[in-house]
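Produce the entire structure from the sequences given, and follow the hints as far as they go.
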Amino acid sequence: MSIDASEHGQPILHLEQISKSFAGVHALADVSFTLVPGEIHALVGENGAGKSTLVKIITGIHRPDHGHIVFQGRPISFSSTLAAHHHGIAAIYQDLNLFPDLNIAENIFMGHMPVHPRTNTIDWGQMYQQAADILQSLGVDLNPRSRVFGLSIAQQQMVEIAKALSINAKVLIMDEPTSTLTLRETEDLFEITRRLRDAGTAILFISHRLEEVFEIADRVTVLRDGHYVGTESIRQIDNDQLIQMMVGRTLNTLFPKGEAAITERVLQVEHLTREGVFADISFDLHKGEILGLAGLVGARRTDVACALFGIAPADSGTISIDGQPQTIQTPKDAMSLGIAYIPEDRQQHGLVLPMDLTQNITLPMLEQFAQHSWLDQRQERKTAQQFVERLEVKATGLWQKAQE
1 MSIDASEHGQ PILHLEQISK SFAGVHALAD VSFTLVPGEI HALVGENGAG
51 KSTLVKIITG IHRPDHGHIV FQGRPISFSS TLAAHHHGIA AIYQDLNLFP
101 DLNIAENIFM GHMPVHPRTN TIDWGQMYQQ AADILQSLGV DLNPRSRVFG
151 LSIAQQQMVE IAKALSINAK VLIMDEPTST LTLRETEDLF EITRRLRDAG
201 TAILFISHRL EEVFEIADRV TVLRDGHYVG TESIRQIDND QLIQMMVGRT
251 LNTLFPKGEA AITERVLQVE HLTREGVFAD ISFDLHKGEI LGLAGLVGAR
301 RTDVACALFG IAPADSGTIS IDGQPQTIQT PKDAMSLGIA YIPEDRQQHG
351 LVLPMDLTQN ITLPMLEQFA QHSWLDQRQE RKTAQQFVER LEVKATGLWQ
401 KAQE
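Just so it is clear: in the sequence shown, position 394 is 394 by the UniProt record's numbering, and no numbers are missing.
It is possible that some hints are incorrect.
[To be verified] With a straight-line cut-off of 27 Å between C-alpha atoms, the simulated DSS-like cross-links for lysine-lysine are: (1) Lys56 <-> Lys170; (2) Lys332 <-> Lys287; (3) Lys382 <-> Lys401; (4) Lys332 <-> Lys382; (5) Lys401 <-> Lys332.
[Said to hold, decoys possible] Ranges of calculated distance between the beta carbons of each label pair, as one might list FRET restraints: (6) Ile61 <-> Ile153: 19 to 29 Å; (7) Leu102 <-> Glu344: 22 to 32 Å; (8) Ala261 <-> Lys56: 43 to 53 Å.
Keep in mind the hints are simulated off the structure, nothing from the lab. We put the CB at the ideal spot given by N, CA and C, even for glycine.
This is the structure:
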């Protein structure tokens, strides 16, 4: 079953002219959005388009500065995630919200465990039975008494979906649910997602992987720079058109075809090995070249990058820069050779969130601003401002915290 934009019924959720700003920066500006029962509705856009802010408004984490939310035909304002839960709105985030030391049933019913009416104590028997029933309905073979700690990411996602079913979720938001899944695990997740859709659940699916959007979604809504661009039936749009809506330009204009001239070799990796992690990795990188490192989840791509940057050094093999073999045992070694690293998880491994933009930008090069035992903060701010302008960083000022 697939829903065309002209075939759906009354919306279960309608956001009208929603606006939200943080420290003077517009995250959303007059965004309107509709979600109907029994559809998988994709929400796409570049980083900074406003997707996460919109989700946080729907789930009660943020309140809009302007605009209205209509849920099941009635205006409503969610003051918290608990209020959203009470109305049947649940979300599964990329960073799963589970308690690893508790068992599956306890995680599923956290905050709304069944109680004995007479004693007002937890009805453990009923809770385990209900958890088993929910897991069985999903076709998931898990013991409700098992600790979450030992579960795979895919299994933990099933527990998150079970949590949503335990509150009879009418709206399920899935934020980048496949980012750490294998192809097989993704297929299993999509099968369950379609079954929930067919049972009448309204599903908001957020992903950067457009091939998944075309595989799973019925409709797609595009945000760009905090503004609503449009909503289309997935059957009436193709990949190039969707990208044009996201970035405002055609694919050929954004990435014109061309051939890079292969010039001098700047990096040569030979037989790089880290025992038990990866083995015999060899490749060359030339000046002016973009080299892709591809593979499924678990293929150890990130581990190779960490070895090149000295975070987790290789045990054997050779890394040569400009034809000269080098020893890289620490990030400082790599940085001294002109190697930079942008981690997959920028919040956890790339930024110091309580620090401001200036401090984060200049952290790797503080020695440049050192005057005896003091920092030349004026020059530090000047350098940071140059990078902000060059990279078009959206911020209220250099004093803004990275976590904002």
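Going through the hints against the structure:
{"no.": "1", "hint": "Lys56 <-> Lys170", "in the structure": "holds, 17 Å"}
{"no.": "2", "hint": "Lys332 <-> Lys287", "in the structure": "holds, 22 Å"}
{"no.": "3", "hint": "Lys382 <-> Lys401", "in the structure": "holds, 17 Å"}
{"no.": "4", "hint": "Lys332 <-> Lys382", "in the structure": "holds, 24 Å"}
{"no.": "5", "hint": "Lys401 <-> Lys332", "in the structure": "holds, 25 Å"}
{"no.": "6", "hint": "Ile61 <-> Ile153: 19 to 29 Å", "in the structure": "holds, 23 Å"}
{"no.": "7", "hint": "Leu102 <-> Glu344: 22 to 32 Å", "in the structure": "holds, 28 Å"}
{"no.": "8", "hint": "Ala261 <-> Lys56: 43 to 53 Å", "in the structure": "holds, 46 Å"}
The earlier numbered hints are all upheld by this structure, with none contradicted.
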